[in-house]
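K.L.:
Sequence:
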Amino acid sequence: MNNQSDNDDILWGIHPILEMLRLQPKKVREVVIQQGKGGPKIQEIIALAQEQGVKVRFLPSQRFPSSPDKTHQGVLAKIAPIATCSLHELLKKAGESEQPLIVALDSIQDPHNLGAIIRTAAAAGATGIILPKDRSAPLNATAAKSAAGAMAHLKLCLVTNLVTSLQAVKEKSFWVYGAAGEAKRTVYETRFSGPVCLVIGGEDKGMRPLVREQCDELVSIPMAGSLNSLNASVAAGVILFEVVRQRQ
Numbered sequence: 000m001n002n003q004s005d006n007d008d009i010l011w012g013i014h015p016i017l018e019m020l021r022l023q024p025k026k027v028r029e030v031v032i033q034q035g036k037g038g039p040k041i042q043e044i045i046a047l048a049q050e051q052g053v054k055v056r057f058l059p060s061q062r063f064p065s066s067p068d069k070t071h072q073g074v075l076a077k078i079a080p081i082a083t084c085s086l087h088e089l090l091k092k093a094g095e096s097e098q099p100l101i102v103a104l105d106s107i108q109d110p111h112n113l114g115a116i117i118r119t120a121a122a123a124g125a126t127g128i129i130l131p132k133d134r135s136a137p138l139n140a141t142a143a144k145s146a147a148g149a150m151a152h153l154k155l156c157l158v159t160n161l162v163t164s165l166q167a168v169k170e171k172s173f174w175v176y177g178a179a180g181e182a183k184r185t186v187y188e189t190r191f192s193g194p195v196c197l198v199i200g201g202e203d204k205g206m207r208p209l210v211r212e213q214c215d216e217l218v219s220i221p222m223a224g225s226l227n228s229l230n231a232s233v234a235a236g237v238i239l240f241e242v243v244r245q246r247q
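Residue numbers (numbering that gives the first Met the number 0): 0 to 247.
Hints listed in this document are in silico derivations from the structure and should not be mistaken for laboratory results.
Treat each hint with caution, since some may be false.
Once the Cα atoms are required to be at most 30 Å apart in a straight line, the calculated DSS-like pairs of lysine-lysine come out as [what the hints assert, rightly or not]:
hint, residue 1, residue 2
1, Lys92, Lys169
2, Lys26, Lys132
3, Lys54, Lys36
4, Lys132, Lys92
5, Lys169, Lys132
6, Lys26, Lys36
7, Lys92, Lys171
8, Lys91, Lys25
Model, not experiment: these values are computed from the prediction.
Work out the full structure, taking the sequences as your base and the hints as a guide.
P.N.:
Here's what the structure looks like:
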């Protein structure tokens, strides 16, 4: 994707690395640990890496690379590029579910938000995420750390045109819901039945007009306080777990 940094193939932090070693060990090329770092979780990382034949290297603190967000916990993993799938593959996989759920993201720019939404979507049982190649935060190490291992639990689909992709989703009998603060119908007044595709817009301007036009229904989250909007990842969580609640 666009604007990927030199750190895009580096995963930072104990929990994301443990998840990657457990679920996708073939993607881990090397684990690097800062000398002097220890504890049960570090030992578990070392054991899992050795079990999977992954090289483990130790570096003194003065030579250990710095993390973009400064919270590396003394361990990093060099990983293969994050795997993505085609829209056809995603829809085929979703079709195997009794209650298909897909999340589409329009212009999410913050990789921390992207990772948080991916983790929330995985927890809500979504099959996958659709996001545009050019109007999205990159699927890099920052997003992977925020997702805390969740990228291994669902499919990630990069598309050239989100509008035509939503049209293809609708052809598979999905009902497309768009999150919009000004929508008259709230998420709690909406019946989420059948295959669901939830569209979450960008942090600044929300969904683009052409994307909005593809939504079968717009839903809002009622605000009780003085603020009139939520962070994109928080909004996604509120709506997704209302879908989960209704399906139980």
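K.L.:
Next step is simple, just say for each hint if it's right about the structure.
P.N.:
Hints versus structure:
{"no.": "1", "hint": "Lys92 / Lys169", "verdict": "15 Å, holds"}
{"no.": "2", "hint": "Lys26 / Lys132", "verdict": "22 Å, holds"}
{"no.": "3", "hint": "Lys54 / Lys36", "verdict": "17 Å, holds"}
{"no.": "4", "hint": "Lys132 / Lys92", "verdict": "21 Å, holds"}
{"no.": "5", "hint": "Lys169 / Lys132", "verdict": "20 Å, holds"}
{"no.": "6", "hint": "Lys26 / Lys36", "verdict": "24 Å, holds"}
{"no.": "7", "hint": "Lys92 / Lys171", "verdict": "12 Å, holds"}
{"no.": "8", "hint": "Lys91 / Lys25", "verdict": "24 Å, holds"}
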